[in-house]
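Residue numbers (the working numbering), protein chains in the order written: chain H, 1 to 726; chain P, 727 to 902; chain E, 903 to 1224.
No lab work stands behind these hints: they were computed from the structure.
Note that the structure is predicted; figures quoted are calculated from it, not measured.
One or more of the hints may lead you astray.
[To be verified] Straight line, CA to CA, 27 Å or less: simulated DSS-like cross-link-like pairs of lysine-lysine:
| hint | chain 1 | residue 1 | chain 2 | residue 2 |
| --- | --- | --- | --- | --- |
| 1 | E | LYS1079 | E | LYS936 |
| 2 | H | LYS720 | E | LYS1187 |
| 3 | E | LYS904 | H | LYS135 |
| 4 | P | LYS728 | E | LYS904 |
| 5 | P | LYS728 | E | LYS936 |
| 6 | H | LYS297 | H | LYS387 |
| 7 | H | LYS297 | H | LYS417 |
| 8 | E | LYS1197 | H | LYS720 |
| 9 | E | LYS1052 | E | LYS1079 |
| 10 | H | LYS166 | H | LYS387 |
| 11 | E | LYS1214 | H | LYS720 |
| 12 | H | LYS135 | E | LYS936 |
| 13 | E | LYS1214 | E | LYS1150 |
| 14 | H | LYS74 | E | LYS904 |
| 15 | H | LYS74 | H | LYS297 |
| 16 | H | LYS417 | H | LYS720 |
| 17 | H | LYS182 | H | LYS527 |
| 18 | H | LYS9 | H | LYS417 |
| 19 | E | LYS1052 | E | LYS1214 |
| 20 | H | LYS74 | E | LYS936 |
| 21 | H | LYS260 | H | LYS74 |
| 22 | E | LYS1214 | H | LYS420 |
| 23 | H | LYS9 | H | LYS135 |
| 24 | H | LYS260 | H | LYS297 |
| 25 | E | LYS1197 | E | LYS1214 |
| 26 | E | LYS904 | E | LYS936 |
| 27 | H | LYS9 | H | LYS488 |
| 28 | H | LYS166 | H | LYS297 |
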Amino acid sequence: MTEHLKMDKVQPRMLDETGQGAIHKPMTRPEGPLKVSGTATYAAEWSLPNMAEGVMVRAAITKGTCEIDESSVKDMPGFVGIYTDRMVRNSAQGTMGTNPVQPEGEVHYLGQPIAVAVAETLEQARDIAQSLAVKYTPADGAKTVMDDSTEFEDDDDPVDMGDLDKAMSEAAFSIDSLYTTKPHNSSAMEPHAAVADWEGDRVILRGSLQMLGFNKNELADSLGIDVSNVRILSPYIGGGFGSKLGISPECVAAAVASKKLGRPVRVVLHRNNVFEMITLRTETRQRMRLACDADGKLTAIGHENWQTNLPGESMAEPVDVATHFLYGGENRRYGQHIARLNRSASGAVRAPGEAVGQLGLENAMDELAEAAGIDPIEFRVRNIPEKSPESGLPYSSNALAQCLQEGAEMFGWSGRKGPKERLEGEWYLGMGVASAARSNILMESRANVTLNPDGTALVQTDMTDIGTGTYSILGQIAAEMLGIDPSKVTVELGDTDLPEASGSGGSWGAASAGSSVFLGAKGIRTKLAERLGCSPEELRLQDGVATGANNRRPLAELMDGPITEEGHIEPGSTSNDFEQAGFGAHFAEVAVNKVTGEVRVRRMLAAMAAGRILNAQTARSQVWGGQIWGIGTALTEEIQHDRRTGHIVNNDLAEYHIPVNLDVPDLDVHFVDERDDQSNPMQIKGIGELGLSGAGAAITNAIYNACGVRVYDYPATPDKIFPHLD
Amino acid sequence: MKVTLNVNGEGRELDIDPRTTLLDALRNHLDLTGSKKGCDHGQCGACTVLVNDRRINACLALAVMHEDDEITTIEGLGQPGALSPLQRAFVQHDGYQCGYCTPGQIVSAKGMMSEFDLGWPSNVSDDLTAIPDFSRTEIRERMSGNLCRCSAYPGICAAIEDAAPEEGLKNTKAAE
Amino acid sequence: MKPFDYIRATDPAAVQQAGGRIIAGGTNLLDLMKHQIETPATLVDVTRLEMTEIEQSENSLRIGSLVTNSELAAHETVRRDYSVLSRALLAGATGQLRNKATTGGNLLQRTRCPYFYDTTQPCNKRAPGSGCQAMEGANRILAILGASDKCIATHPSDMAVAMRALDARIEVESATKGTELLTMDEFYVLPGDNPEVETVLQQGDLITAVHLPAAPAGRQSYRKVRDRSSYAFALVSVAAIVNTEGGKITDAALAFGGLAPRPWRDSGVEEVLIGEAPSEALFDKAADVLVADAKGHGDNDFKIPLARRTMKAVLSELTGVS
């Protein structure tokens, strides 16, 4: 049976009534012992009998065509084959569900996958891939930089409310600033990997993918086969951050080679390939125009952005996504302009939109607060609107003011001074704040929940755990609803033969997959209530005992066999009738070296309001992740392209600088207790990307507060700062 | 080429291409996939193993060069049901998320402790000649060779501090 | 990685006889071999040779070339008397890499220039005569001093910078010349027209040790400016040993990393300082000399003022001038 809910109206707060105590509190991860002992099996670690090894070949030109000369390598030791069929140009965009561009011998950017070299061993395949002769015919007209001469595709119908120019000219205070951000790489620690094997016409692909429901369609479409002939397994994924949303070149290459060879093929991307073949976050230029009256009330918000992507890619970074609903102001204008360049494709990287858009908006807010002579927290609080300023929709819940104010108190904001007023040795100290906001999304999702008479339970769904804690929270939800200890619940994930879930992305996994588990368990509760002779509302399940209508019986007595229910959640009208978002506030204290311009973050605090928190430990870890990504985006992360060829110059982890342990100080996380009744039947909201939204801006605002240097060009590497110091 | 590797106290005979790195020998030939490949160029630390008690990047080592060495991998530190104190502490403090860098972090932490035992200084030690502090800052610097993109660094540090006494850390100011 | 013959050397003579590429720690060589930037046909493993000792005599310290970076940084005498070297080593790489990397190998690290690393790109160092893409490309991390119109690569070592300031000499055993002691100035070759040649070493030559003279008088410091707080190559680094007596600088040795194709030392800078009373004006004058011939290539222009500022800050620290 299926327990189905379309989220059209507010649901009772059941999780406040169940009383098992399996949620809210910190809980360690059930899969933890496997991860810490190295026995959790990631995609590349499947070793199948008679498996061949594949290594990708990358294009050496920016634009043109290529011809592979297989004869150049076929006598090399271990040679098995060179395959180019159906090669995809780059990883698929998230939730695309169809094949990525398959350029068939055309080259659209330097570093593009053009073939896979297959050999008996990895060492042989690597040598063959590097030795393969390729004849290139370069084409004219490659575009490799976004600058003033670039042609842009403009969005057709940008929001333009009131009269921004007039409001700017009449305002008591205004700022008009250009912010730029460099491209970012997801840099999940596990490189993309696939092991493909065919059982007749059906391909079994062990991959590292975030959204199996979409991925199976993308793979089927790329291979030209029916989706029923695709099975994908991804039980453990070594980080995603958007880079594994869509099917990627190694999956298609491994499947094609395996089909031709009739034997399993493993293809693991080299780290350089990950940088080039997998979608990255676009660079952005953001023109911020803000104006306010003498009382510090915003009258105008303008957020216009310029970005890049390959021709034929549908994704655009929604840079202004949070700007639409975060602050008031009657005159509002947006604009998005995309340059089509011959460079690695742009796509979703953790918190697409907010991760960079909030850097522009929240620095501009800081600039305007200063111009108006108002404390940055007070300035933000004054401009929190009653309802969403453009749509006019009510907020499902909005605790931004509380986050800012409670956070300020906890952080010691009152001790903040002005630029260059705190000097410790060579270091200027300062504090900064920024608001966080991240739209909350519910996606269709299904799961099977089985309760056994012995008080154990099983959760099955094709949902993934990319490190976010899915194994933990799905088990906790089932345990809470079924009145058993979480240790009694087994969670099976990452197999497309299981009911289709939302997948991991957009911070919607916990809400969507979680709600499906909630509903499946709710269906079981209904059956147990029937057997006990009470209404589902009366039923109480705790520690394996059912109570209701003056009856009290252990599960084993109520059940003659396992009960399985499918839970099925669908978004409904509450998604359209309310502005749903998580809110928060980031605080940072930094030290800026007055000689070298080096910046060290001293401490950070994130005050987050994201509805009900299911697991205080895994949720905190997600926020830590966001804060640390904030450090990276603010200070160190920057993909550099060669201006002439467009290739990624720093395509490795030595020169693409993600934060190291020493870059990270003590981090505090404060959850503002909340229930969002419009979000889903559990009243929860996404947390994974909220923690990043604005985190970097708090750091750059702190840099300004420390030393008086406003960073307009991210990241704030030493060379951007020291020239402005004495 | 025939080579015998001593891994986790056991002699293992292999016939491998001389190009095989220690990491690929472990992962592809000995079915010890706990040591992870994150970059294959010594830029991430996911492949950290102990060779004669010193931590190294297994991706930048040729298997054939380590014939006489004692190699310890994450599998040699503990298994589910019999986890080492460090492994237990990583679970307890959520010193991971996706788990991919985790074996490298744990083996690196183990190696780092033996470096503390020897009194080795680090780049953040104020006094090079003194016994190093077992402080958060020292741990952070010494663990900076292990990248974690999920950003579990606070949990990693807490786990290391928590497990240190049980792991037998000595010769530091904190242990005095 | 191209196939190679693996030879395990048991004595130095065998190394010369084998005539292949020498491997010890392998932390840079294997990295380059995987990219096929280095493609040796024979690999000679020297890790079994007896070059692992640090020997102290009255007037010098002899560091065996197989001493790992970790062991050297932690050596009691180095920590006490050659702290600039210990600091430089600890500022480089990571615990794991320092445990593997050796003294001899560290001297021979090759550049991190991204065009050297990408085999689809021209590079005069990797493929002589193919051109230099870095000159007008992404050159933020590349050289402002000592470069040529063929190559602007930087030498990435921290250790070698400190050794240059310490007047280290490199002991080389060669089949033709026997044992030689080379100054670092003699050892490293500037790129000129042949950037593929980085040192005077010939095939089969073996670095057996590094000699440090008696511990210098004065104060020592190693300062490294980089993009993240650890595990990053230097934008600019300064190794400095300065002695002051009676209010005057009596000795000064300054070497620089991140600026040039080899650990950089400019005697003109030291001449400005020696014999003078330390002052900000004096440091400015010395900085003028340091960057007199500096040439930026766009992205790396910032290194010129950054080198000045860093050097001055180090001199202030060592002389107590505020």
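Out of the numbered hints, which ones does the structure contradict? 1, 9, 15, 17, 18, 19, 23, 24, 27
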